[in-house]
Amino acid sequence: MSTPRASSNAARAARILAVLGEAGAEGLSLTALAEALGDARAPVHRAVAALVDHGFVMQIGRRGNYHVGPAIHAIALKEAAVGDMTASLRPLLINVAAETGLPTFLMARAGFDSVCLDWQSGFAQVPAMFDGIGGRLPLGVGVGGLVVLGEMDAPGREQVLRINAPRYADWGLSETGVRGELARYLEQGWLLVSRRSGQVDVCSLAMPVRDNVGRGGVELAVSVLAPGRDMEAELKRRVRESLSRHLSAREL
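Throughout the sequence shown, residue numbering follows the working numbering, covering 421 to 672 in sequence.
These are calculated hints, taken from the structure and not from any lab test. A hint or two may mislead.
To be verified - For each label pair, taking beta carbons as the anchor points, the in silico distance ranges come out as:
(1) R510 to E455: 45 to 51 angstroms
(2) R649 to V472: 20 to 26 angstroms
(3) G458 to S541: 49 to 55 angstroms
(4) G648 to A431: 50 to 56 angstroms
(5) R670 to R466: 29 to 35 angstroms
(6) E661 to T451: 53 to 59 angstroms
(7) G648 to H465: 19 to 25 angstroms
(8) G609 to E652: 18 to 24 angstroms
(9) A544 to R466: 22 to 28 angstroms
(10) R510 to R649: 26 to 32 angstroms
Where a beta carbon is used, it is the ideal one built from N, C-alpha and C, also for glycine.
Make a model of the complete structure from these sequences and hints.
Structure representation (structure tokens):
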């Protein structure tokens, strides 16, 4: 029977999450976390490593402080209100995918990441940068996350960029490049970016889903994915027109 050990590990993990939640944006070093828990570094490090593997804890930089991870926020998003919004937007995804022939995604902010809440396949098979519903990307990597970043207030946006900047290199991106894309979005109200998905060039165009009735806490964007480094002018026009028409007809 391993119940006592399992119970001890679960209790330690719960206490780690509670302490990191109280630590706020600064997070805690491993030493400070162990001291706050009144526990030895080694078992705390093992528990933190397991939580990092599952996305419940994240570390900024190789030797940076630990923070509550995006999986916590993703779980919080899976409450009834988000389910209702996802269901209400599903017809929009279906219509846009049918009109453009391209995969269409509903993306939401989850802490420092964007999370796919729903998607609809089109007629074209285009590899996404994440694995379907529940797939995550750091905010600023995918076009949906860029649009969500653009809809945040300036201080919040700067905080996310500061925290996520070290993560962009893993995707072949730079903070300067991400800031340039954000500036384009803020200027035009929609955004088209090109990325690498595995060994394939893809591009994606996104627009925001605006909350017009005062409900906060969930920031959403709809993106359309296409093969290649850029969309032909006519396809770009059709994607923008379809997104604009269906998004303007809806109100969360």
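Tested hints:
no. : hint                             : verdict
1   : R510 to E455: 45 to 51 angstroms : 48 angstroms, holds
2   : R649 to V472: 20 to 26 angstroms : 34 angstroms, violated
3   : G458 to S541: 49 to 55 angstroms : 51 angstroms, holds
4   : G648 to A431: 50 to 56 angstroms : 51 angstroms, holds
5   : R670 to R466: 29 to 35 angstroms : 47 angstroms, violated
6   : E661 to T451: 53 to 59 angstroms : 56 angstroms, holds
7   : G648 to H465: 19 to 25 angstroms : 45 angstroms, violated
8   : G609 to E652: 18 to 24 angstroms : 21 angstroms, holds
9   : A544 to R466: 22 to 28 angstroms : 45 angstroms, violated
10  : R510 to R649: 26 to 32 angstroms : 30 angstroms, holds
Of the numbered hints given earlier, the model fails hints 2, 5, 7 and 9; all others are met.
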